[in-house]
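Student: Counting from 1, one number per residue, gives the positions in the sequence shown under our numbering.
Hints in this document: simulated from the structure, not taken from any laboratory. Incorrect hints may have been included.
[As the list claims (entries may be wrong)] The calculated DSSO-like cross-link candidates involving lysine-lysine, where the alpha carbons are at most 30 Å apart (straight line), are:
no.	residue 1	residue 2
1	K140	K126
2	K63	K75
3	K126	K177
4	K140	K177
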Amino acid sequence: AVVSTQSTGLALQAAWSTSTRSEDRFDHRLLNLRSNVAYLIDNLQYYLHVDVLETNFTELINKLNATQDFEQIRKAHRFFLGEILAWSFVSNELNSATRLIDTVISLGFQTARMFEEDPDEIQITKLESNYNFLVAHMLKMLESSASRQHNSFMNQLLLRIDYNGFFTQVRAQKLEKKR
Numbered sequence: 001a002v003v004s005t006q007s008t009g010l011a012l013q014a015a016w017s018t019s020t021r022s023e024d025r026f027d028h029r030l031l032n033l034r035s036n037v038a039y040l041i042d043n044l045q046y047y048l049h050v051d052v053l054e055t056n057f058t059e060l061i062n063k064l065n066a067t068q069d070f071e072q073i074r075k076a077h078r079f080f081l082g083e084i085l086a087w088s089f090v091s092n093e094l095n096s097a098t099r100l101i102d103t104v105i106s107l108g109f110q111t112a113r114m115f116e117e118d119p120d121e122i123q124i125t126k127l128e129s130n131y132n133f134l135v136a137h138m139l140k141m142l143e144s145s146a147s148r149q150h151n152s153f154m155n156q157l158l159l160r161i162d163y164n165g166f167f168t169q170v171r172a173q174k175l176e177k178k179r
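Take these sequences, add in the hints, and give me the full structure.
Tutor: So this is what it looks like as structure tokens:
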């Protein structure tokens, strides 16, 4: 997931670069969508790098420095690998989260690809709808899992993705418009 989020982030940055250097005018909705998807991907990438890898690696190094016993080192390493798999949603227990994150990454690539094509209104609207659905579904899943299972990593990911309440506000505004 880490490499995929990095690749997606780079593709979205390249799309931005293309839009600023191009003489063609891109639809403002597509530019806004690219920005929103990049925001989500950047926060996901930050979570994976800082909250998952760096935090668990620091804990592993501290445990390794504190012991000379091979069994303790092996246990620390096994624990480290287990935490990395769980926190990055690779473990089998969290297949729905893994699929959802893979779908968000795929959406990022699709959005970046739109800058290479000449998308029509229907394509942009469909991509926007997919994005809105995925964000709403991801927030709902994270909120539900975090409260139900008290998973600290689900809470942490929710905090990273919606740290300033942006997605929560957008979701509330959309619900208000439907009324």
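Student: Indicate, hint by hint, whether the structure satisfies it.
Tutor: Okay, the hints, checked on the actual structure:
This hinted pair checks out: K140 and K126 have alpha carbons roughly 21 Å apart, not beyond 30 Å. Between K63 and K75 the alpha-carbon distance is near 10 Å, which keeps this suggested pair within the 30 Å criterion. Simply put, K126 and K177 have alpha-carbon atoms about 19 Å apart, close enough for the 30 Å limit, and the pair holds. As the CA atoms of K140 and K177 are separated by approximately 19 Å, the hinted pair is consistent with the 30 Å bound.
The structure is consistent with each of the numbered hints, conforming to all of them.
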